[in-house]
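Can you build the whole structure from these sequences, using the hints too?
If you're matching positions, the sequence shown starts at 1 in the numbering used here and goes up one per residue.
Since the hints were made in silico from the structure, they are not lab data. Among the clues, some could well be false.
[Claimed, not checked] Label pairs and their in silico Cβ distance ranges:
hint	residue 1	residue 2	range
1	166	204	36 to 46 Å
2	326	166	20 to 30 Å
3	49	17	17 to 27 Å
4	236	291	18 to 28 Å
5	219	15	40 to 50 Å
6	168	208	26 to 36 Å
7	219	63	52 to 62 Å
8	232	166	46 to 56 Å
9	18	243	17 to 27 Å
10	63	16	11 to 21 Å
11	255	202	14 to 24 Å
12	97	70	11 to 21 Å
13	207	31	26 to 36 Å
These numbers were taken from a predicted model, which means no experiment stands behind them. Beta carbons are placed, not taken as given, at the ideal position from N, Cα and C, and that holds for glycine.
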Amino acid sequence: MIAIGLTDHLEGPADRPSTAIFDEVAELVGLADRLGARYAWFAEHHAHLHAGHLPTPLLFALHLAGRTRSIRLGTAIICLNLHHPLDAAEQVAVADALMGGRSAFGFGSGSTPEEAGLFGAGTTDDATRQARFAEALRVIRATWSGDWSEVSPRFFNVPPHRLLPTSPADLPDRCWVAVNSAGSARIAGLLRFNMLFSHLRTPEQYREYSAAYREAGGAGLIAANRPVFVGPDDRAAFAIVEPALRTLWRRFRAEGKIPAEAVEPDDPADLCGHPINFVVGGPETVARLLLELHAEAPFDVLNAEVRWAGLSHEETLDGLRRLMEDVAPRL
1 MIAIGLTDHL
11 EGPADRPSTA
21 IFDEVAELVG
31 LADRLGARYA
41 WFAEHHAHLH
51 AGHLPTPLLF
61 ALHLAGRTRS
71 IRLGTAIICL
81 NLHHPLDAAE
91 QVAVADALMG
101 GRSAFGFGSG
111 STPEEAGLFG
121 AGTTDDATRQ
131 ARFAEALRVI
141 RATWSGDWSE
151 VSPRFFNVPP
161 HRLLPTSPAD
171 LPDRCWVAVN
181 SAGSARIAGL
191 LRFNMLFSHL
201 RTPEQYREYS
211 AAYREAGGAG
221 LIAANRPVFV
231 GPDDRAAFAI
241 VEPALRTLWR
251 RFRAEGKIPA
261 EAVEPDDPAD
271 LCGHPINFVV
281 GGPETVARLL
291 LELHAEAPFD
301 VLNAEVRWAG
311 LSHEETLDGL
321 RRLMEDVAPR
331 L
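Shown next as structure tokens:
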């Protein structure tokens, strides 16, 4: 059985009130909770540089814990290049205690260069970035466990100490590392975290990263990510989601993810290919496409992104209902 999770970047126009976006996502997560979704993750973005309105996903997860019953809430991700790992470890420990352990916190090695610039975090080569990330994760684990034997300070000289509140032993087992390279997959495996994939990656990359993760000793859960929209049937699904597909395709071209000289396809189905990787259709089609992805690159959790510019709030809610009621049982 494939579990269902949601990720939301809390995106919206800069002039739209953030509280309206927070309320929409809260309603979406409440519905997901009632329909049996396992996870909901929230992204960290600053100064609207990625259209996101939420710089502190940990606070939002904690807020929604009081409005939901069973769904696990967390971050996808906390950008550790913008935070001291001791501070991140302490905040996560407090949030986990207040949430009663109903948490799923994710960590990543970086952010966009523009966001890093806001914090004075200069860009580094991949080897240095990954070494710093691995050390930050070791500091976080040591802060929670009290065992500092695996920390060899290079970037963070944190004296061994006792953390309050005391963290449960299974907290690291409920945490995730975002992976966009074989190097970060090896870090996730070596340090025994679960692994989160981006929707920008291909099945071939998923297989490569999974192999690196398992070879490094990773034995946790793997979450594959895809934008998903489920309509009443294939034709109706594309008719509803086409404005969102075109908005996203044009955004990716402006961001350089799609070549600048690329001509926008007329057929909306052609907008769904790599690097957008959008799964669209009626329940049978979406279930088939997701099972095909699973056959190509096995995963434990479908991390679905269901909320996009060009979809109304009601259309997003309807798509989530169909995902949970009509697609999830087929998985």
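Cross-check of the supplied hints:
Take residue 166 and residue 204: their Cβ atoms lie about 43 Å apart, and the range 36 to 46 Å holds. For the pair residue 326 and residue 166, the beta carbons lie near 43 Å from each other, so the given range of 20 to 30 Å is not met. Checked against the hint of 17 to 27 Å, the C-beta distance between residue 49 and residue 17 comes to roughly 19 Å, which is consistent with it. Between residue 236 and residue 291 the CB atoms are about 22 Å apart, so this pair conforms to the stated range of 18 to 28 Å.
The beta-carbon spacing between residue 219 and residue 15, approximately 47 Å, falls within the hinted interval of 40 to 50 Å. For residue 168 paired with residue 208, a C-beta distance near 33 Å keeps the hint of 26 to 36 Å intact. A hinted range of 52 to 62 Å is violated for the C-beta pair residue 219 and residue 63, which are about 32 Å apart. At roughly 50 Å, the beta carbons of residue 232 and residue 166 sit within the given window of 46 to 56 Å.
Range check, residue 18 to residue 243: about 23 Å between beta-carbon atoms, so the 17 to 27 Å window is met. Evaluation of the 11 to 21 Å hint for residue 63 and residue 16 yields a pass: the beta carbon distance comes to about 19 Å. Taking the beta carbon of each, residue 255 and residue 202 are about 18 Å apart, inside 14 to 24 Å as hinted. As the Cβ distance of residue 97 to residue 70 is approximately 18 Å, the hint placing it in 11 to 21 Å holds.
Taken as a hint, the range 26 to 36 Å holds for the pair residue 207 and residue 31, whose Cβ atoms sit roughly 33 Å apart.
Hint compliance for this structure: hints 2, 7 are not met, and every other hint is.
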